[in-house]
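Here is how the chains run, residue by residue.
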Amino acid sequence: MGAIIKREIGAYFSSPIAYVVIAVFFFFSGWYFRVMLENDSSSLTYLVIGPMFVIVLFVLPILTMRLLSEEKRQKTDQALLTAPVGIWRIVLGKFIAAEIIFLCCMAIFVPMTIVIAFFTAPTWGIIFCNIVGMILLGSSLIAIGVFISSLTESQVVAAVVGIAVGMLIYMLDTINSGIQIDFLKSIISSVSFMTRYTNFTSGMMNLADIVFYLSVTGLFLFFTTRVIDRKRWS
Amino acid sequence: MVEVKNLVKRYGDTLAVDDVSFTAETGEILGFLGPNGAGKSTTMNIITGYISSSSGTVTIDGCEILDDPEGAKSKIGYLPEIPPLYIDMTVRKYLEFMFSLKRVTLPKREHIDEVCAVTKIKDVQNRIIKHLSKGYRQRVGLAQALLGNPPVIILDEPTVGLDPKQIIEMRNLIKGLGKKHTVILSSHVLSEVQAICDRVIIINRGKLVADSSTSSLSQNLSRSNDMTLRVVGAPTSVLSALRAVEGVYKVDKGQKTGDNCCEYHVYSEKDKDTSKAIFYAMAKNNTPIVMMRGNELSLEEAFLRVTKSEPHIADKTERGGKG
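Chains as they are written, first to last, in the working numbering: chain A, 1 to 234; chain B, 1 to 323.
Calculated directly from the structure, the hints in this document are not laboratory data.
Wrong hints could be hidden among the right ones.
Which stretches of chain B does chain A cover? Using the computed rule of at least three CB atoms under 8 angstroms from a CB of chain A, they are [to be verified]:
hint: 1; region: 44–55
hint: 2; region: 65–73
hint: 3; region: 179–190
For every residue, glycine included, the Cβ atom is placed at its ideal position computed from N, Cα and C.
Generate coordinates for the entire structure from the input sequences, incorporating the hints supplied.
Shown next, in the form of structure tokens:
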């Protein structure tokens with residue numbers, strides 16, 4: 001598994017993907033940071049990490065698009081699947097590699113926090129809560145992305161489907177507000193990524209939200225192993 | 001070492017592999033012969049655990065591929081038809097990755113150096129795989145299969161796409177491997193299998209049609225007594241002189257190849273070497289032979305012969321499944 005993580009991170013940095021993703025992430029978080037400073041505010045969490053929700057939704061599919069689709073297209077999955085490594089280790093290795101790149105993106109919040117600390121005392125609890133929220137959100141989206149990548153041989157298809165899923169997740173609350181049936185409404189709101197994320201950005205760490213994101217992550221990684229395994233049997 | 005029992009693979013309604021059984025012993029080079037689409041790659045993919053069989057078992061050195069996949073896979077080095085190369089990596093980096101992926105416990109640097117030396121890729125170690133020629137890519141693929149010195153090495157069409165010099169090198173390399181490892185290789189070229197393998201399995205439309213040693217297969221398949229001659233002289237006189245040679249039972253006149261020169265296909269009785277007699281007969285007849293060549297069977301002809309189930313070839317197919 002270590003070998004896979006190492007190779008994937010190497011592949012990220014030997015192609016433009018990692019640089020582009022990190023640059024886009026830095027650009028938008030920097031933009032929100034500037035807006036925050038102009039507003040004479042020091043609410044890093046509410047004005048920066050909060051709006052980054054959308055950016056994360058659209059940027060992570062780019063990170064995950066090639067993870068498994070490219071293996072299939074280049075036939076390198078034959079090397080992985082005939083090596084003495086379990087499928088779940090392969091999937092987990094890929095997931096962790098993408099997660100590490102995502103953490104590199106999030107590293108931008110460190111200097112931002114330091115800058116704020118010069119002017120005012122940051123509320124560490126809320127910042128911590130936000131970081132946890134973003135990591136959990138990212139993990140679940142990466143797991144979904146890895147799953148989508150396992151379904152196709154084309155990176156482009158994986159990226160487009162990933163972004164479409166991201167848009168659906170983004171629009172879920174808007175869609176829900178138009179629904180009249182209470183029963184359906186409560187189901188949709190319980191799977192709303194945005195509502196649960198907003199809980200984190202406003203400083204609330206609920207066990208239910210943590211469990212939700214971790215379940216989505218686990219579930220989609222599990223689905224991925226099933227997709228790979230099923231192909232061997234068909 | 002490798003035991004395959006009643007292997008069946010279904011894709012929907014089509015049977016890709018139909019009840020194939022065979023074994024390969026330690027230190028044996030086993031050839032897998034069959035036309036394209038015969039089920040060679042499918043069988044190899046099942047043995048290496050890349051795909052699963054519909055039924056049947058594969059046992060590698062006591063490890064069943066479904067019950068103990070990691071144990072079985074750690075004993076196999078596999079070079080698929082298309083080498084599984086990460087083309088953006090350098091050869092060295094790629095081999096280091098495969099080394100760690102396979103969790104080889106040998107000293108890393110020395111072992112990779114050794115494998116590179118065996119496959120003669122030392123001079124391209126630091127080049128990116130994308131820029132390598134087909135021959136080198138094939139060798140990198142082979143190097144990857146050799147990592148960890150697995151007891152079983154499986155090679156799917158290892159010489160396809162190589163130039164003649166590379167083919168000879170690859171064959172010698174494989175022959176060398178056969179001394180220490182169990183090697184299973186597939187090919188659709190009869191002469192190649194004859195040149196490398198100790199034993200041959202012929203597979204056609206997913207079925208095992210023959211399983212015999214290469215030498216007995218060669219005896220049965222290559223009709224070395226059939227030959228093509230090119231003789232200068234009047235065809236009528238040449239034909240009558242040829243037909244008069246003892247052991248020759250049929251002579252066909254082939255195409256004209258020049259002034260007063262013609263090709264003849266000569267068929268002799270089994271186990272009779274008529275070449276010397278023909279030479280003397282032609283010399284006596286004052287019609288010089290300018291070319292003499294033994295006829296090799298094409299793979300298609302070989303299949304026809306095998307599937308006609310000559311008893312001495314088909315005997316082993318009884319235990320190997322339906323012939």
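Original post:
What hints, given by number in increasing order, does this structure fail?
Top reply: 3
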